[in-house]
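Trainee: Residues per chain, in single letters:
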Amino acid sequence: MEIDAPTDRRVVDLLREDLLLTGTKESCGAGDCGACTILVDGETRLSCLMLAAQLEGRDILTIEGLSRDGALHPVQNAFVEHGAVQCGFCTPGMALASVDLLNRNPDPTREEIRDALAGNLCRCTGYQKIVDSVEIAAVALRSKAGS
Amino acid sequence: MTEIFLPRSLEGLWDIQDGYPEAAVYAGGTDLLVRLRSGLEKPSCLVCLERIEALKGVHESAQEIVIGAATTHSQILESPVIKQHFPILTKGVSVLGSPPIRHMGTIGGNIVTASPAGDSLPPLYVLEAEVEIRLKNSSRRAALADFILGPGEVDLKGGEILTKILLKRSPRWTIHHYEKVGRRKAQACAVASMAALLQVSQTGRIERARLAWGSVGPTVVISREVEEKLVGQPMSLEIFKSVSDVVKKAVSPIDDIRAGAEYRRTVAAALVQRLAEYGPWP
Amino acid sequence: MKDQDQLAEYTSARSAPPVRNRPLAIGVAVVRSDAHEKVTGQTKYAADYYSRNMLWAGVKRAGVPHARLQGIETDRAAQVPGVVRILTHKDISGPNRQGVIRKDQPVLVDDKVRHCGDAVALVIAETKTSLRNALDLIALDLAPLPAVTNAEQALEKDSPLVHEDNAEGNVLLKGDLKIGAGQEAEKECDVVLEACFETPRQEHAYLETEAGWACVDEDGKLSIVCSTQTPFRDRMELAEALGLDSSRIRIIAPYLGGAFGGKDGVTVQSLLALAAMNSGGRPVKMWWDREESFLSGTKRHCARMYYRLGAKSDGSLHLLEVRLYLDTGPYDHLGGVVLALALEHAGGPYRIPNAVLKGWAVYTNNPIGGAFRGFGVPQVTAAMEQMIDMLAAKLEMDPLEIRLKNAVKRGAKNCVGKTLVSSTGAVECLETLSKHQLWKGREAWKSAAGQFKHRGVGIASVMQASGYGPVVPDVANAKIELTTAGRIRVYCGVVDMGQGNAGTNLQIAGSILGQDSCNMELILPDTDLTLPSGSASASRCTYTFANALIGAAEILKERILQRSADMLMARGAEELALVPGGVRRLTDGRELSLEFLAQFLNDSERVVTYRFRAPIAPDHVTLDEGLRLHGMPHTLFSYGAHLAWIEIDELTGQVDVKRYLAVSDCGKVINPETYEQQIHGGIAHGLGLALSEDFEAVDGKIMTPDLMTYIIPTASDLPKIDSVPVEIYEPTGPFGLKGVGEIATNGPLPAIANAVADALGIRVFRFPLTPERILEALKNKRQET
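Just so you know, the protein sequences line up as chains D, V and F, in that order.
Heads up: the first sequence runs through residues 1 to 147, numbered per our numbering.
Heads up: the second sequence runs through residues 1 to 282, numbered per our numbering.
Heads up: the third sequence runs through residues 1 to 785, numbered per our numbering.
If you are wondering where the hints come from, they were derived from the structure by calculation, not from laboratory data.
Take these hints with a grain of salt, some might be off.
[Stated by the list, open to error] Result set (DSSO-like, lysine-lysine): computed pairs, CA atoms no more than 27 Å apart in a straight line: (1) F/K446 with F/K435; (2) V/K248 with F/K779; (3) F/K720 with V/K91; (4) F/K446 with F/K720; (5) F/K453 with F/K779; (6) F/K178 with F/K440; (7) F/K720 with V/K185; (8) F/K453 with V/K91; (9) F/K90 with F/K103; (10) V/K185 with F/K413; (11) F/K781 with V/K249.
These numbers were taken from a predicted model, which means no experiment stands behind them.
All chains should be built: construct the whole structure from the sequences, respecting the hints.
Mentor: Next comes the structure, spelled out in structure tokens:
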């Protein structure tokens, strides 16, 4: 995709205001909360601390792109089925952080899951059902990979 | 609009600097872009170093391991070379920020920001790291401890770029220890931290020691007096307690929103006792 | 597309088409209907509303805690390219005062600045950048006044006044209750303990900060999309403040990105209205960034609480004396309601025959104290539950035994003398806790602490009232429709701020009408389309609205069946049943689809509305009309018993919560998943407040302006939480349910403090229990011995 944007436009603004992809959220603008998390070349980055110029040639995935043809990614599916979503504002960033984790570590312990999600603040859930969901998604992904 | 440059090589960087000598340089952006947002700095243009391959990666030579300044923290965490030779650096970086911050932030950025609480710094100090600084036509090396001058202040003159961090291969240490104390377990600014490298004999006697404390002074604190008092002594809680007063005199913490100076002083000394958890000996 | 069309698109009968069809039944963990759209990023929160031709509005804030406004210089700001208008109080034609109970807060300051976050000027601009540049160039001419920054000092005779026109000085509301013999009962006590407790200000820190979008159409109708817990009340409040006709105002509340009380009332609404009325017909957006949200939004009241507890030597509680000082900041913002609820809960779920309960909600120039999950109860519970443990220690009684001995039961009177007529599970919760492995295995666990670690276990018995008390009606109006497409549409009256009540509404209506999830749809709160149903607060969201919804759904069911019976010439509705998508005559299996049936119902027949008002307490526990208006007493209470396993590091003072148990009596559980979500979330807020959250203000200025300095828990900080429901049927509740939204927040402060005392033999009376305070207390203890 080709976009024309001022080089100093924050990526979070480019996504939300120029491309109307409001799935990526802003909650602090300073890198403290993780709500603006996107995947850049497969790893999580904070779009509130990236400028448009840095997107050149990169592969970007926002939450809108995580499901394929209406089919949810196993992380999204687990979040839905296991109560990981309350207000949902942290959810896009949390889901992408979970995807990044499982790409690196397909069989994480609960402590490893918590540490991997520590950059994504949630004020509603107390995190437990999110951790449960990531555990379940890990199993689903491993059995998919196995079959 | 602020112009943003994304050079692909050091030559490209020098060209930009020739044209825009007042350009502010960043790699990951996790410090500079936050400062821009608060209006603490208003540069006319920015140069991002993240595409310059020459500034990235972990390379081995006969004498030393070289880390490119624009190497991200997560790249350091994933480096088997660092894990093998300098596990204390791996530990320090593993508690820095949060996962996305580690994907973006760089070791060079952590050094140049020179926060008294920077998590890579106490490990780099005990590893006696050196840094390479370059201009277009010259380069120099400096000890990290000399390069960092004060909180937020480093010995970089106009146009100079931090390019490398150099770590000498040294004889094996027995204990590679880093502890960070924060107000919460993750994504926290250290309130006090301690890095320690100890070489311990088979019978549990300390043969060499290097310690460094973070967040308890304007820069990382080293105390040769503490190290000398530990050398030759057994690995025991009593010994680690015995240097408590020396540690308290060596550090100069401040009061801030996260903690008071007295707490930091107390904890800086107490953290040495944690070394008693290593063992048993023999 | 016109902006109003865009608005219509945003708000039309909206639920993302359900991907998976789920049966709907009561008591089942039905997957929330909003989960799919949230996990795919489709949900539009108020912060996500953008439109072409849109302007940005922003506020110049005072920056000083107390000052007389002498002038506002806007000329330089007006020159910034892209600035459309700059507005001040001079542009407001109404009274310029808003508030829920007492209207004491200006939309834009006209006389005095009363806190650093006071709004002084409003800028409307083309871009965020021009907005920011303009705000920087507005100069305020302020003559500083001495700031009132301490609640107790604010009550002294010579204290400066926050509101000179307040006859009560700096008192917003005070309460003074005497129960039984009052202070006279002290001579009958065998032991009397006293202590002073302090709890900090807490920031809601919802992920979606305050946001809204507004537009005035050609007919002069104002539409606002806002992240708010109170769309209907907001409409009245802002109309009154700005001198507008509330019937010409529409407020829409989409899913909120968290609220917890911080959006209970006006935040951006009046400012947006003002902006939209002065933007030349263009839509306007306002979205507070994190620092502005911290600066301007409300906080949990910080409290100073003096407690004196007297008991007999057998452990029975005999006298409670309490003095509560709540720092309510400069504006009402429900501060009186918080005080009244705190007083009502000051004695906890215990029988205490004699009490003297005094409290003050005090005006200061500190950040505004307002609604926050728990509403004064976490504060007093933090104190009372520690007093109970201290008493247990003094009498050498087991902390669980002393609580059981004194616990209220149905028919007993609580500490304000209210007879408990609804389900009362205090004892059952404690007994369930006593049988749990985390209680039974506690000594073995504690003895296994490693080097430098000290382990402790603490408990707390909690309660939380729901509803608004005896004066303010707790009413909901449900509306349900059989659409022409044969679907069941629920018009949700109470805002879904993340607690999942929208989905629960579908679950309830669907189960009554025999429909699966794919045949259900909902409309979120919209003052044009849904019916007034009260605030999303006070643990009454599902209790009150669901009772109304059940009424409406039953009527609609009857109507559908009766019309079907007439059409099918059946004997009556008893021969028919609603099945997914239709009505079936049970005798021969003949079915009519709901879509078909809908054609045979007049539009007026397809819609049912039903009103429910929650019961109120007739008990006259106080004749104080102020306290009664502010909620005293309530009649319905939820209960709980909490337990914390903690480990303290003696080198750093850090407290690590290893396990947490909450046993809760919130009536029957309609959806076990959403129930547990509330328990987990409430505990998370409580643990943050107990250990790391302290919204500090010094001389009225905020010391923790952002998420780097204000420490909320990350995933690495919170423990495994076990939640055990004790399902006592509440006859007045929908399917036996009681409120669950707030109660869990009350346990962590005292449970952790009691665990610290258990681990180290020290008690810290000031929250949060920071490592620094722990080490300080340890040091003091060592020096004493």
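Trainee: Regarding the pair F/K453 and V/K91, is the alpha-carbon distance no greater than 27 Å?
Mentor: 22 Å, holds
Trainee: Given the hinted pair V/K248 and F/K779, is their alpha-carbon gap at most 27 Å?
Mentor: 16 Å, holds
Trainee: Are the Cα atoms of F/K178 and F/K440 separated by 27 Å or less?
Mentor: Measuring from Cα to Cα gives roughly 40 Å; hence the hint is violated.
Trainee: Given the hint that V/K185 pairs with F/K413, does the C-alpha gap stay at or below 27 Å?
Mentor: Violated. V/K185 to F/K413 sits at ~44 Å, over the 27 Å cutoff.
Trainee: For the pair supplied as a hint, F/K720 and V/K91, confirm whether the alpha-carbon distance does not exceed 27 Å.
Mentor: Judged against 27 Å, a Cα distance of about 26 Å means the pair holds.
Trainee: Hint check: F/K446 vs F/K435, CA-CA at most 27 Å. Holds or violated?
Mentor: Holds: F/K446 and F/K435 sit about 18 Å apart, inside 27 Å.
Trainee: F/K781 and V/K249 were given as a pair; does the straight-line alpha-carbon distance stay at or below 27 Å?
Mentor: Cα-Cα ~24 Å, so holds.
Trainee: Would the pair F/K90 and F/K103 pass a check requiring their Cα atoms to be no farther apart than 27 Å?
Mentor: 19 Å, holds
Trainee: Next pair to validate is F/K453 with F/K779; report whether the Cα-Cα distance is within 27 Å.
Mentor: 16 Å, holds
Trainee: Is F/K446 close enough to F/K720, meaning Cα to Cα at most 27 Å?
Mentor: 17 Å, holds
Trainee: Would the pair F/K720 and V/K185 pass a check requiring their Cα atoms to be no farther apart than 27 Å?
Mentor: Holds, at about 15 Å.
When each numbered hint is compared with the structure, violations occur for hints 6 and 10.
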